[in-house]
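Colleague: Listed here are the chains, written in short residue letters.
Protein chains: 2
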Amino acid sequence: MNFPRRSWIDVAVCRALAALVAVCLIGPAANADTLPLPANLIGLGTQSGEQLLFESEARRAYWPLSMQFVTQKNQAFCGVATMVMVLNALDVAAPPTAGFDSFNVFTQDNALDERTERVLPLAVLMRQGMTLDQFGKLLEVYGVKADVQHAQASNVGAFRTAAVRNLSQPKHHVVVNYLRRVLGQERGGHISPLAAYDAKADRFLVLDVSRYKYPPVWVTTEDLFAAMNTVDNDNDGKTRGFVLIESGS
Amino acid sequence: MNFPRRSWIDVAVCRALAALVAVCLIGPAANADTLPLPANLIGLGTQSGEQLLFESEARRAYWPLSMQFVTQKNQAFCGVATMVMVLNALDVAAPPTAGFDSFNVFTQDNALDERTERVLPLAVLMRQGMTLDQFGKLLEVYGVKADVQHAQASNVGAFRTAAVRNLSQPKHHVVVNYLRRVLGQERGGHISPLAAYDAKADRFLVLDVSRYKYPPVWVTTEDLFAAMNTVDNDNDGKTRGFVLIESGS
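Protein chains in written order, with this note's numbering: chain A, 3 to 251; chain B, 3 to 251.
Keep in mind that the hints were calculated from the coordinates and are not lab data. One or more of the hints may lead you astray.
Intra- or inter-copy, both count: the list cannot distinguish identical chains.
Unchecked claim - Once the Cα atoms are required to be at most 16 Å apart in a straight line, the calculated EDC-like pairs of lysine to aspartate or glutamate come out as:
id : residue 1 : residue 2
1  : K75       : D111
2  : K75       : D103
3  : K147      : E57
4  : K75       : D135
5  : K147      : E248
6  : K202      : E224
7  : K139      : D149
Just so it is clear, the structure is predicted and the values come from calculations on it, not from any experiment.
Starting from the given sequences, assemble the full structure and let the hints guide the process.
Modeller: Pasting the structure below:
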């Protein structure tokens with residue numbers, strides 16, 4: 003489709019109106035406690051969201067991640083929750099786990115130890131969360147290969163190709179670090195894993211680890227890249243971006 | 003199909019051999035830390051398991067539950083974890099939640115209070131878990147309608163009809179209480195929610211809350227009913243069974 007270029011004010015007004023209409027037509031979201039979604043995002047629990055998963059060309063990552071889906075245990079732990087999901091999805095050997103008998107899995111309580119403390123002290127993590135680079139280094143502590151890509155050194159096409167390739171293969175994952183407000187969400191920097199891609203809609207599925215706040219959403223590649231292509235002041239002014247992950251180091 | 007009736011020894015030997023062949027052919031399960039599945043169960047993460055979800059006629063319940071999937075936090079909490087998933091999936095108003103800012107959701111730490119203590123004291127819960135009747139009563143504490151059905155007073159056909167009806171509708175759920183070893187799993191009584199039904203295979207999808215131990219599995223209606231139709235010595239010698247759940251009391 004070829005529309006004349008609209009100003010950002012038009013886009014913002016359109017989105018706000020569309021969101022209002024959507025709320026009026028559809029009623030409350032699947033989970034009444036989560037925030038309403040802007041019109042550019044499609045919730046996984048809606049009929050369209052379900053359909054996108056069934057049509058998706060790249061959804062290998064969805065299964066192990068959805069089976070290991072967790073909620074970040076506090077406002078600072080989006081990166082830790084994401085790391086726990088990915089490590090469990092990759093079957094990385096976990097430390098002993100309180101309460102689980104002889105079964106060891108990663109949790110947000112056992113994933114941080116003296117080695118991760120050297121990469122990112124818990125006191126810093128609690129204050130300002132985790133940067134893209136710290137996320138990559140924490141995965142490497144566990145022997146996982148993490149290729150960190152800042153958006154400023156990549157582009158929409160390269161991101162799409164690399165992410166789709168990983169989402170199509172077992173034992174490969176993609177994690178994104180993005181600024182929520184660029185997607186029309188509230189509000190700051192965030193980390194979550196991708197689970198699938200649908201080519202027709204050119205949308206990725208984000209399994210948002212703030213499950214108390216938002217459902218998983220389908221976001222267009224362009225919107226997602228724009229949200230990653232934002233400066234993170236906690237990371238020496240580098241942009242956010244994505245991490246291409248696979249087993250082994 | 004009409005086979006001559008096999009003795010239980012034949013069935014046990016067949017299952018053991020089939021499981022052995024499956025392990026040899028397929029290799030380790032999706033999550034290396036979980037136990038291998040017997041041949042009568044199909045893991046959701048396998049190609050067949052994925053296909054069953056896409057073909058499923060009744061999967062309305064899958065979306066809110068998979069988006070709220072949690073791991074039971076200790077060996078006694080399968081019922082509590084299941085209750086948390088169902089209450090969140092039904093958007094029941096939750097108490098304030100530590101760490102989640104102003105967003106309130108149910109967790110295994112806030113779902114038990116002085117009202118649930120009167121139904122099932124925590125000390126008893128920690129010692130022997132939760133019975134089918136206690137599970138129903140705990141849901142009622144939160145104003146949810148819970149129709150408790152013991153298998154001995156039901157039958158395969160009635161269970162299938164009622165469960166499929168609930169899995170097809172928004173804000174309706176089905177929870178099952180069954181004896182694992184009848185399904186070839188290890189080993190005792192267990193509680194988890196159902197998420198979907200596929201008519202061609204006549205199988206239900208169980209979102210097993212012991213995620214450290216087993217993946218979600220597709221189980222035949224007949225096997226599942228047999229596992230529910232077992233006596234629970236902690237429940238006055240009544241059989242296990244299922245709970246038909248909907249919003250409102």
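Colleague: Could you run down the list of hints and mark each one as holding or not?
Modeller: Hint check results:
1. K75 - D111: Answer is both; intra-copy 9 Å and inter-copy 12 Å each pass.
2. K75 - D103: Cα proximity of K75 and D103: across copies only (11 Å, versus 22 Å in one copy).
3. K147 - E57: Neither: 29 Å inside a copy, 35 Å across copies.
4. K75 - D135: Result: close neither inside a copy nor across copies, 21 Å intra and 31 Å inter.
5. K147 - E248: Within one copy only: 5 Å inside a chain, 45 Å across chains, cut-off 16 Å.
6. K202 - E224: So K202 and E224 pass the 16 Å test inside one copy only (14 Å; across, 40 Å).
7. K139 - D149: Within one copy, since 10 Å is at most 16 Å while 50 Å is not.
Checked against the numbered hints above, the structure breaks hints 3 and 4 and satisfies the rest.
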